[in-house]
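S.K.: Since chain A is already given, all that's left is putting chains B, C and D with the ligands on it; use the hints.
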Amino acid sequence: MNRINVNFCGVEFKNPVIPASGTFGYGREYEQFYPLSKLGGISVKGTTLHRREGNPGPRVAETPSGMLNSVGLQNGGVDKFINYELPNLVTKDTRIIANIAGSTVEECAELAEKLNGTAVDMIELNISCPNVKQGGAAFGTDCNVAGAVTRAVKDVTEKPLMVKLSPNVTSITDIARSVEANGADAVSLINTLLGMRIDIKTRRPILKNNVGGLSGPAVFPVAVRMVWQVANAVKIPVMGMGGIATWEDAIEMMLAGAGAVQVGAAIFADPYAPVKIAEGMQRFCEENGIANISEIVGTVKPW
Amino acid sequence: MNRINVNFCGVEFKNPVIPASGTFGYGREYEQFYPLSKLGGISVKGTTLHRREGNPGPRVAETPSGMLNSVGLQNGGVDKFINYELPNLVTKDTRIIANIAGSTVEECAELAEKLNGTAVDMIELNISCPNVKQGGAAFGTDCNVAGAVTRAVKDVTEKPLMVKLSPNVTSITDIARSVEANGADAVSLINTLLGMRIDIKTRRPILKNNVGGLSGPAVFPVAVRMVWQVANAVKIPVMGMGGIATWEDAIEMMLAGAGAVQVGAAIFADPYAPVKIAEGMQRFCEENGIANISEIVGTVKPW
Amino acid sequence: MYKQGKYPIVSKKALAKGVFDIEIYCPHIAKEARAGQFAQVAAEGFFLRRPISICDIDKNKGTIRLVFEVRGHGTDKLSELNKDCLIDIIAPLGNGFKVLEKGKKAICIGGGIGTPPMVGIAKEYGENATVISGFRNASAVILQEDFKAIGADTILCTDDGSAGIHGFVTDAFKAELNKEKPDIVYACGPMVMLKNITKICEENGIYCQVSLEQRMACGVGACLVCVCRTVKDGQEFNSHVCKDGPVFDSKEVLFHE
Amino acid sequence: MYKQGKYPIVSKKALAKGVFDIEIYCPHIAKEARAGQFAQVAAEGFFLRRPISICDIDKNKGTIRLVFEVRGHGTDKLSELNKDCLIDIIAPLGNGFKVLEKGKKAICIGGGIGTPPMVGIAKEYGENATVISGFRNASAVILQEDFKAIGADTILCTDDGSAGIHGFVTDAFKAELNKEKPDIVYACGPMVMLKNITKICEENGIYCQVSLEQRMACGVGACLVCVCRTVKDGQEFNSHVCKDGPVFDSKEVLFHE
Ligand SMILES: Cc1cc2nc3c(=O)[nH]c(=O)nc-3n(C[C@H](O)[C@H](O)[C@H](O)COP(=O)(O)OP(=O)(O)OC[C@H]3O[C@@H](n4cnc5c(N)ncnc54)[C@H](O)[C@@H]3O)c2cc1C
Ligand SMILES: Cc1cc2nc3c(=O)[nH]c(=O)nc-3n(C[C@H](O)[C@H](O)[C@H](O)COP(=O)(O)OP(=O)(O)OC[C@H]3O[C@@H](n4cnc5c(N)ncnc54)[C@H](O)[C@@H]3O)c2cc1C
Ligand SMILES: Cc1cc2nc3c(=O)[nH]c(=O)nc-3n(C[C@H](O)[C@H](O)[C@H](O)COP(=O)(O)O)c2cc1C
Ligand SMILES: Cc1cc2nc3c(=O)[nH]c(=O)nc-3n(C[C@H](O)[C@H](O)[C@H](O)COP(=O)(O)O)c2cc1C
Ligand code: FES
Ligand code: FES
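Listed in order, the protein sequences are those of chains A, B, C and D. Under this note's numbering, the first residue of the first sequence carries the number 14, and numbering increases by one thereafter. Under this note's numbering, the first residue of the second sequence carries the number 14, and numbering increases by one thereafter. Under this note's numbering, the first residue of the third sequence carries the number 299, and numbering increases by one thereafter. Under this note's numbering, the first residue of the fourth sequence carries the number 299, and numbering increases by one thereafter.
With the rest of the complex left out, here is chain A (with noise of 0.2 Å):
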């Protein structure tokens, strides 16, 4: 019996372990180890209106228990994804979450809108890219700025609205509560944590975008934080990531508030790590007599 399915903000998940945004394609590659079929969902490259090339290389980084990259959303713009992904995606069984990135307000709700009518299943609205000038982390380290963005799309989507939420602030509840009021369905986090590495020989940053996004284990107890404090602050479902690399990582991850989570950095140590992550959590449920894991999200019992 299937202990692991979860209803997160209106859209039936078969379990909560979807890949994150940027680090698993469209499942194009990944499909190769295993049916995508096996996963909760997906959550799908950063689409931007038009194509972009994204920065320079190199591009990634590695730091201890984790990574840097600094893509800037390298993609071939909304109209391929529609016309040339989505069609191979949706005979894949899995949840489509289609995750979006505008340079302005308008350009976030053209997206959206874009998608209306379409086969995607929920809507992740990227405020949160470090990695890009326009737009990008400019929007998610406001509360009125997130706000406005997030009002904007709602106005026009059809579908669940998510909305991405940076890391690099001082206050994610301020700007967690400030997209619950503009109609967010639900808030995704974290994105990545502005970081940097230099090459002591060459005395350059390794990154040709000299900084990067901060991800992989290295952040998940920053990310538990997070989401434990957005969980608290908004009604609106969470759903949790950042350096979650184990079934026991999401475990804690769901126990802090969140009712799905995406994995995103540990697949590139292992392809099967959200298949993996996924088996262990339904062993988890039978072991501890648990009829559904949806019972677990923010359980967690602060001192």
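In short, the hints are calculated from the structure, not lab data. Among these hints, one or two may not hold up.
Stated by the list, open to error - Partial list, computed: chain B residues near chain C (C-beta under 7 Å):
| # | residue |
| --- | --- |
| 1 | T36 |
| 2 | R72 |
| 3 | N301 |
Stated by the list, open to error - Partner residues are not named here, just some residues of chain B that face chain C (Cβ under 7 Å, in silico):
| # | residue |
| --- | --- |
| 4 | E42 |
| 5 | E66 |
| 6 | P71 |
| 7 | S78 |
| 8 | G79 |
| 9 | M80 |
| 10 | V84 |
| 11 | Q87 |
| 12 | G90 |
The beta-carbon is built from N, C-alpha and C at its ideal position, and this holds for glycine as well.
M.R.: Okay, now just chains B, C and D with the ligands, sitting in the frame of chain A:
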């Protein structure tokens, strides 16, 4: 020939490696491993006006490549520091940085005043402790408050004043500029990132304080980024810390803009870390024909 | 003086499922170590060291023994270390047990993985020691031959009666007290066991030392994370398990819950 | 199909100071692998896998060979793996070299640690292959016997003349072209070498494939970090070394600097 002596903010350090506040006590324990004179200086455990018992235990949780702590500034109070610890420390032939924290602006000033006339070489005003309710991070996350407390201490102290910044902010450069404008002679960063871990068996936070401060190699890329940003935003010197564990890390931090470095959690893994780091830096200078380590400070060439 | 180094493992044994006994050649440490002290052991890939009690010291051979149970990922990693591998430890740490003069009688009480430090202290008393140790069941029983070899009176209890006496160490302890009162009691094990033993000792006016556990970072007294509540002269305050302990006079420990 | 698994190392050799040759038993991978493809190798304690070219494939034995140089902490960790250890790899990755029909002639050019992938491709041409490889000095020279065993014309260059011809592979390459033009050229090595070879091939109208390097995360084409600038039909765009490469038609690569 010593190639790693530095002048930081008018104070001569025989090398730029300083155990970070709270990780080295007052040196008594680590003196059993090596003479304290091997260190550039010591930033002693955070001192408050009165004795503090700190938070209940457990106060530590392991994380990937790092740890959370929630000590909460346990210490014997400034008088005990002056009367009991300082007389011992002054015999050790190393620089003494007094790390102070108050719950109010007035307390901070009073603390600084008490240290006038003592053998302390420098004050490190901690406006960034995530583990105390009053003062601490509350001071360090608001530009105006940070400026005001800096000004109050600067007005009374006769020592060089270094202000220790919190990484849990949207813009650390704004805070740095504000404390610079209010008389800080230097800034040190980063203090710990706020994090949380949950025991999935007991479903309770591992820390009795629920949340704690993340430090260790995991945070290194965030620290390098912030040191780089702050060094480019202010004219006063920057003392860099956060995750430094090897001499390569220390060089990286100095390239980013740190005039000296502090080493914290890495000492728990290897008590000799500060000594090895200093030795590695000396070797680095010799092998690369660098007359003095200060030459490399802030010389990273961004793309 | 604290020592840190990588020392060779000269022997390794499995004592029970998931319980390992390693003997480490570290003459400088063995020379200074006392029963009840501990080592901070590095587990590859993990940031913090793991505190493990020194089970036994052989000053002639220059070795110490650590007996540990696999409880999580770090101890699991430690269990992969074999004979001839190097192990990175800081030791000897903490205060160790107080040893009374020759001829005095001691009862040493160990619960589960709290049993190993009783080897070293029982040795100090030889035939004057009575060792009471308790385990979940027969398959978890460890170190009984060591206690016998020392010459100690060796009383074994199991929760389910599958070996030794069916019952808790506290019951066996009470029974012993009815026979003869020792000059000192040493105990290491779960908090609830320590609390009960403390109570019994207080009621009987027996001096008792308990060895506590707390999560640690530095292990030497510098970072102040390993706090425990203690009381002295009516005054409550925070002590630190790594430096003020791990051994405390049972009367000074505040057992809450 | 990509495969991920832990496979046994069946042999390990040091080829030069800090250069190791490991043979891995992984029949499913060996069956599908082609010359020029690579593996993503996990190094214990490090978050990202290390991309290493498949040097040679023995489909009968079911093995592949990886030859790598210790360049940093991760490859240093890999160098600790010995015979019978398991190595965690994802393979075969990338597109591999294009192999022309039988009878065609190839020149394979390797610079330093860019030499290993030339073993697999030279093998496809046997006596019709000429292998030019260049190294800093005599003590860095590797794999010459492999090329000879294949039957390839084997030309060795060193920067300091301490072995083979004194000079760069580009000089030796030009000299070869004066004798006979091959049908195809394969090259792997430093960017400046690839750039120069590309230029020479263009001037001589010879089809050339180069194998590029870039820092990677996923290794399979999903994360888009391993970008390189390419051009096709006059249009510049970003390609990805792990999936669109690591082998590119030299004309499509934009060499800047
Ligand atoms: C003074 C002292 C002496 C000890 N002596 C022994 C001994 O002789 N034999 C033995 O088997 N065990 C002993 N322990 C307990 C042992 O330290 C833990 O079982 C071990 O740290 C668990 O590590 P892990 O990686 O398996 O668990 P994890 O849960 O993966 O560890 C995570 C973190 O929590 C810490 N931690 C978890 N449980 C404990 C605990 N009970 N006490 C302290 N820290 C903990 C770990 O050190 C680590 O930092 C002793 C503890 C102390 C404080
Ligand atoms: C397709 C491909 C094939 C390769 N084939 C071989 C081979 O056959 N033999 C061989 O010795 N080397 C090969 N390399 C280079 C090899 O990947 C690097 O030397 C190795 O990653 C360095 O890791 P490190 O831990 O020693 O260095 P560190 O500097 O500690 O590594 C830090 C990070 O940077 C990355 N990195 C550093 N240098 C390189 C590089 N040159 N290319 C890609 N990533 C790098 C590492 O993978 C790691 O993520 C190849 C690279 C690529 C892209
Ligand atoms: C290579 C890479 C690319 C990413 N691209 C995107 C993106 O396009 N849109 C987005 O919202 N988040 C993106 N992210 C952030 C992840 O979705 C996720 O929020 C973050 O990595 C934290 O999770 P992790 O620690 O499990 O990786 C990217 C992360 C990585 C590592
Ligand atoms: C156990 C512990 C206690 C600390 N106590 C203090 C303190 O009293 N005052 C302070 O300014 N910082 C304190 N810090 C923060 C450190 O000084 C340092 O800023 C931080 O740990 C980052 O450096 P690291 O990653 O090298 O540890 C403490 C850190 C730790 C781990
Ligand atoms: S562990 Fe640091 S004081 Fe005890
Ligand atoms: S490494 Fe991920 S796309 Fe190439």
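S.K.: Each hint: holds or not?
M.R.: Against the structure, the hints come out as follows:
1. Residue-level restraint check for B/T36 holds (minimum Cβ-Cβ distance to chain C is 6 Å; threshold 7 Å).
2. Evaluation of the B/R72 hint against chain C yields a held restraint, the C-beta minimum of about 4 Å falling below 7 Å.
3. At its closest, the beta carbon of B/N301 sits 30 Å from a beta carbon of chain C; the interface hint therefore is violated under the 7 Å criterion.
4. Because the beta carbon of B/E42 sits about 4 Å from the nearest beta carbon in chain C, less than 7 Å, this interface hint is met.
5. Given the 7 Å rule on beta carbons, the hint for B/E66 holds: about 5 Å separates it from the nearest Cβ of chain C.
6. Interface hint at B/P71: satisfied, since its Cβ lies 5 Å from the closest Cβ of chain C, which is below the 7 Å cut-off.
7. Proximity of B/S78 to chain C holds as hinted, the smallest CB-CB distance being about 6 Å (cut-off 7 Å).
8. For the restraint placing B/G79 at the interface with chain C, the shortest Cβ-Cβ distance is roughly 6 Å, inside the 7 Å limit, so the hint holds.
9. The criterion of a C-beta within 7 Å of any C-beta in chain C is met by B/M80, whose closest approach is roughly 6 Å, and the hint holds.
10. At a threshold of 7 Å, the smallest CB-CB gap from B/V84 to chain C is about 5 Å, leaving the interface hint in force.
11. For the restraint placing B/Q87 at the interface with chain C, the shortest Cβ-Cβ distance is roughly 5 Å, inside the 7 Å limit, so the hint holds.
12. At a threshold of 7 Å, the smallest CB-CB gap from B/G90 to chain C is about 13 Å, leaving the interface hint violated.
Consistency with the previously given hints fails for numbers 3, 12, ordered from lowest to highest.
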